Amino acid sequence: MNEAVVECIGVSKSYGPVAAVCEVSFALRQGEILSILGPSGCGKTTLLRLIAGFERVDAGEVRVQGRVVSSPRTHAPPERRHIGMVFQDYALFPHLTVAQNVVFGLRSASDAERRARLDEVLRLVRLEGMGGRYPHELSGGQQQRVALGRTLAPRPVTVLLDEPFSNLDASLRSQMRQEVQHLLRGQRTATIFVTHDREEAFAMADRVGVMLNGRLVQVDTPGAMYRSPTTPEVAATTGVCDFLPGVVEGERVATEAGRLLWTSTGHLAQGAAVNVLVRADDFLVMPNPHGNGVVASREYRGDAMVLVVRLPSGTTVRCRQGPYSELATGTQVTLAPSRVQPFVAYAKTRDG
Amino acid sequence: MQGDSSSQVLTVRLADLTRARTRRGLSSLPSLWLLGPSVFIALAMLVPVAYLALRSAGASDSAWELLFRARTAWTLGRTALLAVSVTGVAVLLAVPLAWLTARSDLPWRRFWGVVSVLPLVIPSYVSAFLVVSALGPRGLLQQMLEPLGVERLPEIYGLPGATLALGLLTYPYVLLTVRGAMENLDASLEQSARSLGYGPWRAFWHVTLPQLRPAIAAGALLVALYTLSDFGAVSLMRYETFTWSIYQQYQSAFDRSVAAVLSLALVAMATAILVLESRSRGRMKYYRSGSGASRRAGVTRLGRWRWPAAAFCGIVASLALALPVAILGYWLARGIAAGEALSPLWSEARNSLYGSVLAALVAAALAVPAAALLVRHPGKLSRGLEFTSYVGYALPGVVVALALVFFGANYARPVYQSIWLLVFAYVVLFFPVALSAVRSAMVQINPRLEEAARGLGLSPPKVMARVTFPLLRPGVLAGAALVFLVAMKELPATIILGPLGFATLATAIWSASSEAFFARAAAPGLLLILLSSVPMAFLVVRLRSPEGTRT
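As given, the protein sequences belong to chains A and B, one line each in that order.
Its first residue numbered 380, the first sequence is counted upward by one per residue in the numbering used here.
Its first residue numbered 236, the second sequence is counted upward by one per residue in the numbering used here.
Since the hints were derived computationally from the structure, they do not count as laboratory data.
Keep in mind that this is a model prediction, so the values were computed, not measured.
Please note that the accuracy of each hint is not assured.
Below, a sample of chain A positions facing chain B; criterion: calculated Cβ distance under 10 Å [claimed, not checked]: (1) R428; (2) G432; (3) I462; (4) L471; (5) T530; (6) V536; (7) L562; (8) Y703.
Cβ atoms here follow ideal geometry from the backbone N, Cα and C, with glycine treated the same way.
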């Protein structure tokens, strides 16, 4: 059960002087959904293409079910990897019907098996009765489901999804997200998908990997990733955040917003200058004529009111309050921590 | 890693390839089955060049001196001038015709769509001959105007006549590539230009035309190279070009090395044109990467320009197609009236069809892997292959034919004087016609489709058979039809390389008209035009039908 379905060990790939993927290592377990989150150009699509075998690795290994499929010396062609890939633009064959697309990967099956699997897959992706249509006769969501069905039909050992929902409109996106997640979980298919949408990454995945400049910086459960990012960059990638400067004093950090309990992945000496990670939900904003903060601006979100509080040093902190918050711009306020867990502190680098 | 960096990925592949070949990698792109046919065709194309080099190496000093004489430079200038003027005429005729037949509410648009391509079926020697007989001194037009007191018509010999005859014959090359590109353009691009405040004309000029540039350049390349190699029209129009000089050398001089040296100069000229064209191609990406059905451009209403536009199509079609056919018909009728016996042309027709169909099949079959190599693995290797493949096209038929006689007699005895050596010559002469048609279909296939098929477990040859080829089929058919067409017309190679007693329609026209039996040339001429038109018309109609385009 715990054997890795896909394993990357120190995988690197560069195009000329540009390192697209740099020493990436992780293991994907059976039935697991892993999302790779990162800004565009971070190398996440290249990573998928390396795993699928469309690109060769410069260094490192890719293993599928323990077998080495990519290394600088060996390269199994994509057709022998049993890895399914769903492309960002779906890549449906325009000259084939939905049914022909779906059974495309079932070559060794008998006619009867093929028909049975076709029915099964069409039911799975809720496209019964659509088998005779051509891809261009379908809506975006339907095209996506055909692409997924075509990928799942040959029962691949793992499925790779490249920005699967980026071509869908917002309302369809959340619906498809649930549908696809439900489907993949039901099949217990090990899945890797790449996205630049953190909401998507958190909502669908068992674990999230953050990729920055070709490196997989951190892999963790969505909760751990949000609560304790290992670097300020990961913190910024995984959610809205601000940094409060402070100084370590024992188990607390002295900041403009009070003395806060802290934790860190690295060692921080007494008196060290640090930046404390603040998420939008970490502070309550209370009106106080003697408070050291002032409401600089308000942003109404419908389900919440985000107040931007400016502190004496000029540092601003975004704080999400209930939608009925009456605090007007210019009100003097104090910030009070709304959480009991310690805050994550990062040693201050020279330039920040 | 999206969008613009994918071109980078493609260029990097070749580096991958060279690295992969030194390893024991399981797959290396491009694989042997792409490379093999491509290398074969490149070598085939190099046979005439190798022959020319061999001949030139044995050339006397006087032959080389000839090359550097002032007269050679003069011929070079005239040839370049003709190539430029013919290409200009072809583009100016083709782009409006393409737009009118693809994107406007022109009356009888489908009819014009077919008719505008058909001038391609008329051999240049027939067309030029007919232009002379119709518009020349004491020609039909003058005879008609004589009662009105017209003694002389403006001189049509020389540059104007040659440009007219060749321009009217060759513009369909540009028309075909441009119309294909126009039908595949994403309408949203033009629409966004309109929404940004561009009028229809400015939107066409600033958005559509730049996108058509590669298609125009690809067609113009064929026109320019064809002009270099043409003999029929220039000789009848008495306009001296390199090819004409080469023919004269072959006919008059003992020393074939002079002709070889001149031919090498022609190869150099063709290379210069190829460099120009590849410069103009740029680094654009042509396949649509968005999802969903492509938005086809709507029809533009011509309003009060509808009938002038139809008149324009009518004038071009009547000059390029109706006039030659009418004159041939008139001669045929006059010949029959004069008691000329109409000999049946079954064996000539069968020979023409046989050789041309074989050539079309072979050329189209070889064009598929070659186009896949060019489009999917761009780099020095594929550019070299492409360059060499165009060289044969720029060479006059007689040069290629004589090179193959030499090659066949010395190294390929079994195929010498068989139909296969003739088919080989046709392929060497016309391969780029097939290649450009297949290539323009290839660039529109999103490479993700092929990757998706491989991800689903298909090996590269199976991907080609089940995904690439079906999508490529319209382009392959077009390429095969075009090769068929030009092979039907080819004269010198057929005369020189055909098996003993192998008479075709082209040779029948030639022998009759060289003996000045115009009436006797009319029947094979009309039959040639008819037989070539059928697949062409079928192709144009099919490619534009809903079934062919799947909209």
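Worksheet item: So which hints don't hold here, by number, going up?
Response: 6, 7 and 8
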